[in-house]
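Asker: Which chain is which? The protein sequence lines are A and B, in order. So the first sequence is numbered by our numbering: it starts at 971 and just counts up by one. So the second sequence is numbered by our numbering: it starts at 971 and just counts up by one.
FYI, nobody ran anything at the bench for these hints, they're computed from the structure. All figures in this text were calculated on a predicted structure; none of them were measured in a lab. Be a bit skeptical, because a hint or two may be false.
One copy or two, it doesn't matter: identical chains are merged, so the pair holds either way.
The calculated DSS-like cross-link candidates involving lysine-lysine, where the alpha carbons are at most 30 Å apart (straight line), are [stated by the list, open to error]: (1) K984 - K1345; (2) K1035 - K1354; (3) K1106 - K1193; (4) K1106 - K1000; (5) K1315 - K1035; (6) K1004 - K1106; (7) K1106 - K1354; (8) K1188 - K1274; (9) K1274 - K1106; (10) K1193 - K1274; (11) K1193 - K1315; (12) K1035 - K1274; (13) K1000 - K1345.
There are 2 protein chains.
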Amino acid sequence: MAVNLPLPVAAELKPVAGIQLGHAEVGVRKANRKDLLVMKLADTATVAGVFTTNRFCAAPVQVCKAHLEGVRISESGIRALVINTGNANAGTGEAGLVNANATCSALAELLGCATSQILPFSTGVILEPLPVDRIKAGLPQAIANLQEDNWYKAAEAIMTTDTQPKAASRTVAINGAQITLTGISKGAGMIKPNMATMLGFLAMDARVTQSVLDHMVKEAADKSFNCITIDGDTSTNDSFMLIATGAAPLEINDVDSPEYAALAEAVIDLSQQLAQMIVRDGEGATKFIAIAVEDGETVEECRKIAYSIGHSPLVKTAFFASDPNLGRILAAIGYAGVDDLDVGKLNLYLDDVWVARNGGRNPDYREEDGQRVMKQSEITVRVKLARGDAQATIWTCDLSHDYVSINADYRS
Amino acid sequence: MAVNLPLPVAAELKPVAGIQLGHAEVGVRKANRKDLLVMKLADTATVAGVFTTNRFCAAPVQVCKAHLEGVRISESGIRALVINTGNANAGTGEAGLVNANATCSALAELLGCATSQILPFSTGVILEPLPVDRIKAGLPQAIANLQEDNWYKAAEAIMTTDTQPKAASRTVAINGAQITLTGISKGAGMIKPNMATMLGFLAMDARVTQSVLDHMVKEAADKSFNCITIDGDTSTNDSFMLIATGAAPLEINDVDSPEYAALAEAVIDLSQQLAQMIVRDGEGATKFIAIAVEDGETVEECRKIAYSIGHSPLVKTAFFASDPNLGRILAAIGYAGVDDLDVGKLNLYLDDVWVARNGGRNPDYREEDGQRVMKQSEITVRVKLARGDAQATIWTCDLSHDYVSINADYRS
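Starting from the given sequences, assemble the full structure and let the hints guide the process.
Answerer: Okay, here's the thing in C-alpha cells:
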C-alpha cells in the first residue's frame, strides 16, 4: 500500500564498520515476529540524538537523555542501543523508568560495560507495562545474532504498523576517505515529529566529535524528520539517533569545515529519504504530498501554514478522493494563525497548475487541470505568500479509509 | 446516523413574534432542495453576530460585518437576513463581494429598505463563483413563503452535509413577560469554530439594545459554538447571529441587570443545545464526546489540552472503535503545547473510571471498565491537571469511515 516505496534490497544496504546489529523474537506483544534489536558500537563511536517534545515523553526517552548527558560528562561512550517494538513504555510512571533501566543493566552486564553506556528505545502501545522479563530473556539471542550486514533485518525488527521495512545507504568520498552511511526508520502513525520521527537510526563510519555530532543531528532532523506529518500526533517516543562509529580514516571536529559540510550533506540527504519513507508508508497512505510555502516573512509562518494544510482532514480526504476541492486548502491557510496575512496577495499552485490568484480563483484555472494533478500519486502544493523571502517544505500523505481501519483495529 | 439527536418536531418549534421565515428552491448547486432562506425582521429588531477568524473569511462575512458596523452608526436597523447553501462564496475575491452585495440589493429592493439593512450568509463549496442570478430569481418565491411558524423548513433550508435539520425552542418568564427563543443551526464538517459555528441563528422576542446584544452574542458563542470541534477545520463562513425582535414587552439595556442574566442564561442554554446538535450530527459521527479539562492554571491551557485531545485522529479513531487505547489521550495531552505541564500529577477519567493516576496507569484500572465506557454512545473524558482552578469543556465526536466517505465524495 505504500506510495512509490520499493522494498529495500538487503544486498544494497551497506555495512558500516564499527556497528553490529542483532535481533530477536521475544513476544513483547505478539509471538513470532522480530521485536527486539541490539546495535553494538565500536569503542570509538560517538552518538547524538533528538527526541520528542511531548510532555509525556516515554521512560526510554528520559533514560536516553540522561545517559547521553552522562556521556558528555564522563567521556565513557555509548556502547549499545536496544530497541523493542510492541510496547512504548510510555505513560508508565516510575515503573517505566525502572523497566527501561533494567533493560539497560541486563544488556550492560552481557556486554561488559556500564548501564549508562546503553541507550534504550521502545515503540508500540502506550500506557501498558513493559514486559521487561521477556526482553531481558531475549537479549542473549539478539547478541548471538550480531552482524555488520544485518541492516535489513534490523529495519524489520523496529516495524510496528509499518507495511514494510525502511532502510537506505549512501557512500560519500571526503578527503580521500570513502564514508559509508546506512540508516533505518519506522513510523506509520502518530507522526508529527516536533523534534524527530518515531524512530530513526543513522550510522556512519566517520569519526565525529561529540559536540559536532550534536550539531549535525539537530541540523539533519530539522531538515528531514521535523518536516513530515501523517496525522499531527506527536508521539511520546520520537527519537532520531546519529551514530558515528569512528572506524573510517576521517575525523570531523569543526562544524565550519568543508569536511563537515560534505558529511552533513550526505547525512541530510539520507535523513530526508528515511523521513519521506515514513510518509510514503503512512497509515493508509495512497498519495505522497509535498507542501511548499514560499515568500513568507519567516520560516516559522511558512511552517505554520504548511502544517495547517497538511493536518486538515478535509484537505487530506480530498487528496484521497483525487477531488480538486481546492477551497479547502485556502480555508486551511486562512486558519493557520498568521494574523496579518493578506489573502488578497496569495497564489496557490498544484504542481504546474495555477489555481488561486490574488486570493481568488484564477480565471484561467480549469477544473480538468486540477483533476489531472490530483489523480497523481505524488503532488506538490505550492503557496506563495508575497510577504518576504522565507520558505518551508513539509511532506505528508492523504487520509483514507485504511487510516481509520488501521487505527480502529491497532490493538486488536 | 446522528448520535442521540431526535428530529425536531415542527409543532414544538415556537414562532418568535417579529420574525418571519421563507424558503425557496433555486438550484444553487443541486435541484429540488431548499437552498435559500430569507428571515424578515420587525422594525424594532436588533441583530448581533460573531464570525469566523479565518483570514480567508468569505465575501458574505465581510459584507455582514460592514452592514452591522453601519447599523451602529446609522441607527437604521437590519431588516432581513438571506442565506444560501450549496456555495460558500469564499475564495472568490472581488467578484464574491459584488455578488454578496447584489444579493442584498435585490432583497432590499423587494422589501423596500436599504442594501445595508440586509445581512447575507452562504455555506457550501469554496472557490466557486456564486450563481447570483439564480439566487436573485428565487427571492420572490422565498418572500411569498414568509411565515412566523416556518422554523422547521428554515432549518432544512440551511442544511448541507447535515443528515437532519437542527432546531430548538425555549421560553423563559422574565419580569412577568413570557419570552420565546427559537434557533436553528447547521454544521457537519469543517467545524472548529474560533468565533462561531458554521451557521447558527437564534431569535427571541425580547427587545435588547444593540450594545447589550453585542455583549450577549459573544458570551453565548464563547460558551457554546466556540466549544465544539469535529475536524479542527475552521470554516471561512462561520457565523452565529443573535436576533432580538423587540415584539415582547421586555427591554434589556444593561448587562449588569438581573433581566440580562435571566435572558442570557436562556440564550446560552439554547446556544449550547444548537452547538451540540452540530457535533451529534458531525460528519460520520457515531459517538458524542465531552472533554473536560479541570484544575488548570488558565482557561486557555485547559482549552488547548481539550482541543489537542479532541483533534487527535488517533484518539478519535479509538473512540470509533470503542477501543480503550487510552495512552493516545495521554500523548495528545503531552503535545498540547503546555510547556511546563507536570504529567506526574495528572489524572485521567473516562466517565467514572479512573484510568491514569499521577501520570501513569492507575494500578486499580481494569481494561474491562474502560471497555464498558468506550462502548457507550456518550462519553466524558475528564483530565485533572492539579495546577489551579481553571476549567474548560469542549464537545466533539469520533472519526469514522463515514467521515472519510462523506468528505471524499462531497462534491461529486
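Asker: If a hint holds in the structure, say so; if it does not, say that too.
Answerer: Hints and how they fare:
1. K984 - K1345: neither (36 Å within a copy, 50 Å between copies)
2. K1035 - K1354: Between copies only: 28 Å across chains, 39 Å inside a chain, cut-off 30 Å.
3. K1106 - K1193: neither (36 Å within a copy, 53 Å between copies)
4. K1106 - K1000: within (16 Å within a copy, 65 Å between copies)
5. K1315 - K1035: between (45 Å within a copy, 22 Å between copies)
6. K1004 - K1106: The answer is within: 15 Å in one copy meets 30 Å, while 67 Å across copies does not.
7. K1106 - K1354: Neither: 54 Å inside a chain and 36 Å across chains, both beyond 30 Å.
8. K1188 - K1274: Classified as both: same-chain Cα gap 20 Å, cross-chain 28 Å, threshold 30 Å.
9. K1274 - K1106: Result: close neither inside a copy nor across copies, 43 Å intra and 40 Å inter.
10. K1193 - K1274: This pair counts as both: shortest intra-copy Cα distance 15 Å, inter-copy 27 Å.
11. K1193 - K1315: within (28 Å within a copy, 35 Å between copies)
12. K1035 - K1274: The answer is both: 28 Å in one copy and 27 Å across copies each meet 30 Å.
13. K1000 - K1345: So K1000 and K1345 pass the 30 Å test across copies only (25 Å; inside, 38 Å).
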